[in-house]
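Each protein sequence line maps, in turn, to chains A and B.
As numbered in the working numbering, the first sequence has no gaps in its residue numbers, which increase by one up to the final residue, 650.
As numbered in the working numbering, the second sequence has no gaps in its residue numbers, which increase by one up to the final residue, 927.
One thing to keep in mind: the hints can contain errors.
Stated by the list, open to error - Now the stretches of chain A that chain B is said to cover, found in silico as 3 or more residues with beta-carbon under 8 Å:
id, region
1, 63 to 70
2, 462 to 473
Stated by the list, open to error - With a cut-off of at most 25 Å between alpha-carbon atoms, the simulated DMTMM-like pairs for lysine to aspartate or glutamate come out as follows:
id, chain 1, residue 1, chain 2, residue 2
3, B, LYS876, A, GLU297
4, A, LYS191, A, ASP558
5, A, LYS545, A, GLU616
6, B, LYS847, A, ASP387
7, B, LYS926, A, ASP462
8, A, LYS191, A, GLU228
9, A, LYS431, A, ASP465
10, A, LYS283, B, ASP893
11, A, LYS122, A, GLU153
12, B, LYS847, A, ASP357
13, B, LYS926, A, GLU199
14, A, LYS431, B, ASP893
15, B, LYS926, A, GLU439
16, A, LYS342, A, ASP462
17, B, LYS847, A, GLU209
18, A, LYS191, A, GLU247
19, A, LYS239, A, ASP354
20, A, LYS191, A, GLU166
21, B, LYS788, A, ASP82
22, A, LYS545, A, ASP565
23, A, LYS431, B, ASP921
24, B, LYS926, A, ASP632
25, B, LYS926, A, GLU329
26, B, LYS788, A, ASP91
27, B, LYS847, A, ASP354
28, A, LYS191, A, ASP136
29, A, LYS516, A, GLU439
30, A, LYS239, A, GLU319
31, B, LYS926, A, GLU153
32, A, LYS516, A, ASP467
33, B, LYS926, A, GLU297
34, B, LYS788, B, ASP809
35, A, LYS122, B, ASP809
36, A, LYS431, A, GLU247
37, B, LYS847, B, ASP809
38, B, LYS876, A, GLU99
39, B, LYS876, A, ASP114
What the hints contain is simulated information worked out from the structure, not anything from laboratory work.
Note that CB positions come from ideal geometry on N, CA and C, so glycine has one too.
Each chain, written out:
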Amino acid sequence: MVQLLRRSFVELSFSGNDSQPHHPAKGICMTRAIQFLFLFVVALCVAAASPLAAQDWSGNIGAAYIWQDADGNEDSFRSQIDLQEGFFLEDLNLLYRGEGAISEFTIDAWGFGDANPAEAAKLGLEFGTGFSFYFDYDRRSSFFNLAGSDLAERQDDWDITRYRGEFVVDAWRPLQISLAYHAVDREGTVKRPLYGLNELYPIGIDLDEAMHEWTLRLVTRTLPVRLEFEQSMATYTRKNRPFATGEPAIGGDPDELANITSNVVDEMDSVPTTRFIASYSSKNFEGVASLLWRSSELDVSGSESETFLIGGGDIGTWEMVDRALGSAEQDTFSGALSLGFKLASRWTLRLAGDFRDGSSNSSIAIDRLSRVTSPIGGDVTWRTSFDDAGTFDFTDSSGRLTLEYRGNSWALWGGGSIGSREVDWQFSETKDRFDVERESTGYLLGASWNPSKAVDLTIEFDRGDFDDYIFRIDPETVDRATLKLRTRLGGGWRLDLHGRHVKSDNPSEVAGLDTKATPYGIAGSWTSSSGLSSVGLNLEQYSFKTDTGLVLPSGDFDRSIYELDLSTVTIFGHTRSENFGVTGSATYLTDDGDSWPVDAWNGRLRFTYYGGSGLEYSALVQYWSYDEVQTDLDDFDVLRYGLAVNWRFE
Amino acid sequence: MIRLRLLAVAAVLALATVSTAQEPVTMETCAMCHEDEAAAFASGPHGRAMVSVDAAVLDRSCVSCHGPATEHIDDPTTENINRFPDPGACLSCHPGREGMTDISTAAHVRNGVECLDCHGTGHTKLKTDHMLTSAPHKLCAECHLSESGSFQMPYAHRDGTRPFECTNCHSVHGDNRQGRLAMIGSGGVCLDCHAEKTGPFVYPHPPQQVNGCINCHVPHGSPNPKLLTRHRVAALCLECHTDVPSFHDVSRPRYQSCQNCHAAVHGSNRDPRLMKE
Numbered sequence: 001m002v003q004l005l006r007r008s009f010v011e012l013s014f015s016g017n018d019s020q021p022h023h024p025a026k027g028i029c030m031t032r033a034i035q036f037l038f039l040f041v042v043a044l045c046v047a048a049a050s051p052l053a054a055q056d057w058s059g060n061i062g063a064a065y066i067w068q069d070a071d072g073n074e075d076s077f078r079s080q081i082d083l084q085e086g087f088f089l090e091d092l093n094l095l096y097r098g099e100g101a102i103s104e105f106t107i108d109a110w111g112f113g114d115a116n117p118a119e120a121a122k123l124g125l126e127f128g129t130g131f132s133f134y135f136d137y138d139r140r141s142s143f144f145n146l147a148g149s150d151l152a153e154r155q156d157d158w159d160i161t162r163y164r165g166e167f168v169v170d171a172w173r174p175l176q177i178s179l180a181y182h183a184v185d186r187e188g189t190v191k192r193p194l195y196g197l198n199e200l201y202p203i204g205i206d207l208d209e210a211m212h213e214w215t216l217r218l219v220t221r222t223l224p225v226r227l228e229f230e231q232s233m234a235t236y237t238r239k240n241r242p243f244a245t246g247e248p249a250i251g252g253d254p255d256e257l258a259n260i261t262s263n264v265v266d267e268m269d270s271v272p273t274t275r276f277i278a279s280y281s282s283k284n285f286e287g288v289a290s291l292l293w294r295s296s297e298l299d300v301s302g303s304e305s306e307t308f309l310i311g312g313g314d315i316g317t318w319e320m321v322d323r324a325l326g327s328a329e330q331d332t333f334s335g336a337l338s339l340g341f342k343l344a345s346r347w348t349l350r351l352a353g354d355f356r357d358g359s360s361n362s363s364i365a366i367d368r369l370s371r372v373t374s375p376i377g378g379d380v381t382w383r384t385s386f387d388d389a390g391t392f393d394f395t396d397s398s399g400r401l402t403l404e405y406r407g408n409s410w411a412l413w414g415g416g417s418i419g420s421r422e423v424d425w426q427f428s429e430t431k432d433r434f435d436v437e438r439e440s441t442g443y444l445l446g447a448s449w450n451p452s453k454a455v456d457l458t459i460e461f462d463r464g465d466f467d468d469y470i471f472r473i474d475p476e477t478v479d480r481a482t483l484k485l486r487t488r489l490g491g492g493w494r495l496d497l498h499g500r501h502v503k504s505d506n507p508s509e510v511a512g513l514d515t516k517a518t519p520y521g522i523a524g525s526w527t528s529s530s531g532l533s534s535v536g537l538n539l540e541q542y543s544f545k546t547d548t549g550l551v552l553p554s555g556d557f558d559r560s561i562y563e564l565d566l567s568t569v570t571i572f573g574h575t576r577s578e579n580f581g582v583t584g585s586a587t588y589l590t591d592d593g594d595s596w597p598v599d600a601w602n603g604r605l606r607f608t609y610y611g612g613s614g615l616e617y618s619a620l621v622q623y624w625s626y627d628e629v630q631t632d633l634d635d636f637d638v639l640r641y642g643l644a645v646n647w648r649f650e
Numbered sequence: 651m652i653r654l655r656l657l658a659v660a661a662v663l664a665l666a667t668v669s670t671a672q673e674p675v676t677m678e679t680c681a682m683c684h685e686d687e688a689a690a691f692a693s694g695p696h697g698r699a700m701v702s703v704d705a706a707v708l709d710r711s712c713v714s715c716h717g718p719a720t721e722h723i724d725d726p727t728t729e730n731i732n733r734f735p736d737p738g739a740c741l742s743c744h745p746g747r748e749g750m751t752d753i754s755t756a757a758h759v760r761n762g763v764e765c766l767d768c769h770g771t772g773h774t775k776l777k778t779d780h781m782l783t784s785a786p787h788k789l790c791a792e793c794h795l796s797e798s799g800s801f802q803m804p805y806a807h808r809d810g811t812r813p814f815e816c817t818n819c820h821s822v823h824g825d826n827r828q829g830r831l832a833m834i835g836s837g838g839v840c841l842d843c844h845a846e847k848t849g850p851f852v853y854p855h856p857p858q859q860v861n862g863c864i865n866c867h868v869p870h871g872s873p874n875p876k877l878l879t880r881h882r883v884a885a886l887c888l889e890c891h892t893d894v895p896s897f898h899d900v901s902r903p904r905y906q907s908c909q910n911c912h913a914a915v916h917g918s919n920r921d922p923r924l925m926k927e
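The whole structure should be built from the sequences, with the hints applied where relevant.
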């Protein structure tokens, strides 16, 4: 395979890299284009439905403008919450129902505007003839730029945009047929270090990644067993383009990265996925089987070049061009089976099993051309090549059996489980083959008591034992105990308690892993009989400590200890009179653990005046603060305040 | 002969009486008193869905959920009618996928969670996904307090001020699930959005292939950037990697974030050391 790839190399040269130029605004342009396209579709549908009487429409439209005052590191706030100043669509819900060609038309949208990091819209068109069309769109932004983190050298500013259109044929009762198109785009910019000439150099990368998927789905509706069959075909293309930012080396080295370009294309041009689900239920039996098979092929081609100015160019230049031809194939088969039997009036038997098998192999051939040029003329050029191949196979299987006895107001259950995981991989031809099978056994015991809808108590304990290790942090034993109490005390009061303790470890000759996690909490609330007023308090505590033996690069032994001692207190409430309403919440979070203690606040308050004709006028106040104990580089205080108008109509 | 005629009339009357008694009460009958409720139901999402199957389903809808109303018609009190439907009422029309919560998926049943704890009856015109009475994250938070609280962490999966919806990743009913998560064509719920990490890769990162994203990330929320399970990136990597070459001097800032050089932590198509994507 590698030899085949090698023969297909074209002549490698320094001028052979026809990289595209850097387009920093491309992601933004694409997003706007999709928004425009979506609004155009909406307008088209509204226009098509325009002869409809106004009273057939119902819904609400709400928009807000919000101002933002930030103290401290606003980029740190954006890395966590990513809210900004500006206009945004709070909610748009439109519903039309009629007897014409379009029997139902819906639009649900929120988030559009500069202030929000996410937006989504959903359009539904149902035709009286048994056909319907749905279009979903959502976009989520990722922003990341911290000053005091280990990841401070990385910056993200990109969007994931997803859109999905589905045409559903319901005209024939026994079978529902749908055709769907699903796309995911990631566009924007990442800034990160590049390792070169024994130094880290900042580079930017323009992201251009796109996935397109077409799906045919068939669902039976009149057979005793519901069958769902889905066949998908997808393509995924990555054409990310690095560029030099012009900034000096991170470590202060006098060498400079003058240029970095790439025309590498990673393409998965055939990803067929087959999914099959069969489900059946009756009074005494439930069964569902799910199968999924997926085959992917990756082709990598193209070259990447880097040019360094040694000593700022005074000593010379170093140019490298890497041309790669690679491929990878992966087959995945997953299955899940879940069966439930009511054996007698009070006994229930449950059986469940999962299976997952993955098999992949890959190969790559890289040619590298290097050239060192002296500033006074003359150069030295040399060529190296690198061929490699790898395999990665794994098989997971597990089975669980549970038997439950249910009394009038209580239940007891217990069961056992077995599982195995086999991994066989050779990461590279230069590495040893790794082949391990890890098996597990476990059991669980539980009880519940629910004498009425007012009280519900559940306790459960389960344990798992494992042998052999695929990763040194894999546990040998895992114990987990859970308690949940839900109460409805009457008069609108409720009180809930919950707690869990999870412990896992492995022997010192593996990693000496010792992990304990204990989340627990209490929640109480009161709601008035009319539902117009409520108030509540949530207290959550999460203690987590993990202690793992390390072998440092120096060869010394050490331990990695990570500890959280998180307390979260939230109060919330709302009340409403005829014309006024108030909704608010406040949360205080503190981590007193040794690893990275922080204090954080957030709060929201919304005053609403309910005017006539379905109009609502609101004033919003939001507040966030974040305070790291060990450094103040990423601390912030952010106050947001704004006005919103909502119109509800029927 | 007269006796025979009388017997025949009596038999016909008896059959007619039996026939009348077995005739199900229709929505039309209920609407004589409950006009607004019937009209709202018929024009709402549930009623419209019933009509799309068969108009007769809508006709029988009142008694399907509220029980046989023969006694209630004669004596209309709240004592002889199911004001709130029994769980079995929903499953009588929704077996199969929607019904996979009754026997095979145990936790919701054990904790007394019923259909109407999350789904509306359809007596309103408002249309929501799957007739849910509220957003999924609010409904799930009623019981899953700890998980809901995780979204208050500094770094969390959220859409601005909105938490991520639980149903984006979790399959609530018993069908199409592996563990607690939905079985999605791309190979994992995370990869439905983060498609670039799906692979295959020429050089995959084995933990991601075997354990998935949760090997290094906390999906709901974390105190650590990038939802990582550790604050120190080097600690996270060194807990597995015991054969790191000795020139990595972890006391220097440069080596405290392994990703500075080994940027392709999710898998590389060019470099076995995961230094290039």
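Verification of the supplied hints:
1. 63 to 70: Coverage by chain B is violated here, the residue count being 0 at a Cβ distance below 8 Å.
2. 462 to 473: Result for this restraint: holds, n = 4.
3. LYS876/B to GLU297/A: violated (29 Å)
4. LYS191/A to ASP558/A: violated (33 Å)
5. LYS545/A to GLU616/A: violated (48 Å)
6. LYS847/B to ASP387/A: holds (24 Å)
7. LYS926/B to ASP462/A: Given that 25 Å is the threshold and the Cα spacing comes to 42 Å, the pair is violated.
8. LYS191/A to GLU228/A: violated (44 Å)
9. LYS431/A to ASP465/A: violated (30 Å)
10. LYS283/A to ASP893/B: It is violated: about 57 Å lies between the C-alpha atoms, which goes past 25 Å.
11. LYS122/A to GLU153/A: violated (38 Å)
12. LYS847/B to ASP357/A: Holds - the C-alpha atoms of ASP357/A and LYS847/B are around 19 Å apart, at most 25 Å.
13. LYS926/B to GLU199/A: Within the cut-off at roughly 15 Å; holds.
14. LYS431/A to ASP893/B: With Cα atoms ~12 Å apart, LYS431/A and ASP893/B stay inside 25 Å; holds.
15. LYS926/B to GLU439/A: With Cα atoms ~35 Å apart, LYS926/B and GLU439/A exceed 25 Å; violated.
16. LYS342/A to ASP462/A: The hint holds at about 23 Å.
17. LYS847/B to GLU209/A: It holds: about 11 Å lies between the C-alpha atoms, which stays within 25 Å.
18. LYS191/A to GLU247/A: Between LYS191/A and GLU247/A the Cα gap is close to 11 Å, so the pair holds against 25 Å.
19. LYS239/A to ASP354/A: Violated, at about 36 Å.
20. LYS191/A to GLU166/A: violated (36 Å)
21. LYS788/B to ASP82/A: holds (22 Å)
22. LYS545/A to ASP565/A: holds (9 Å)
23. LYS431/A to ASP921/B: Given that 25 Å is the threshold and the Cα spacing comes to 14 Å, the pair holds.
24. LYS926/B to ASP632/A: violated (33 Å)
25. LYS926/B to GLU329/A: Since the Cα atoms of LYS926/B and GLU329/A sit roughly 20 Å apart, the hinted pair holds (cutoff 25 Å).
26. LYS788/B to ASP91/A: Holds - the C-alpha atoms of ASP91/A and LYS788/B are around 17 Å apart, at most 25 Å.
27. LYS847/B to ASP354/A: holds (23 Å)
28. LYS191/A to ASP136/A: With a Cα-Cα distance of about 31 Å, the restraint between LYS191/A and ASP136/A is violated, given a limit of 25 Å.
29. LYS516/A to GLU439/A: holds (23 Å)
30. LYS239/A to GLU319/A: holds (22 Å)
31. LYS926/B to GLU153/A: Roughly 16 Å between the alpha carbons, so the hint for LYS926/B and GLU153/A holds.
32. LYS516/A to ASP467/A: Holds - the C-alpha atoms of ASP467/A and LYS516/A are around 20 Å apart, at most 25 Å.
33. LYS926/B to GLU297/A: Judged against 25 Å, a Cα distance of about 20 Å means the pair holds.
34. LYS788/B to ASP809/B: holds (15 Å)
35. LYS122/A to ASP809/B: holds (16 Å)
36. LYS431/A to GLU247/A: This hinted pair is violated, its Cα atoms lying about 37 Å apart.
37. LYS847/B to ASP809/B: Roughly 21 Å separates the two Cα atoms, so the pair holds.
38. LYS876/B to GLU99/A: Outside the cut-off at roughly 50 Å; violated.
39. LYS876/B to ASP114/A: holds (23 Å)
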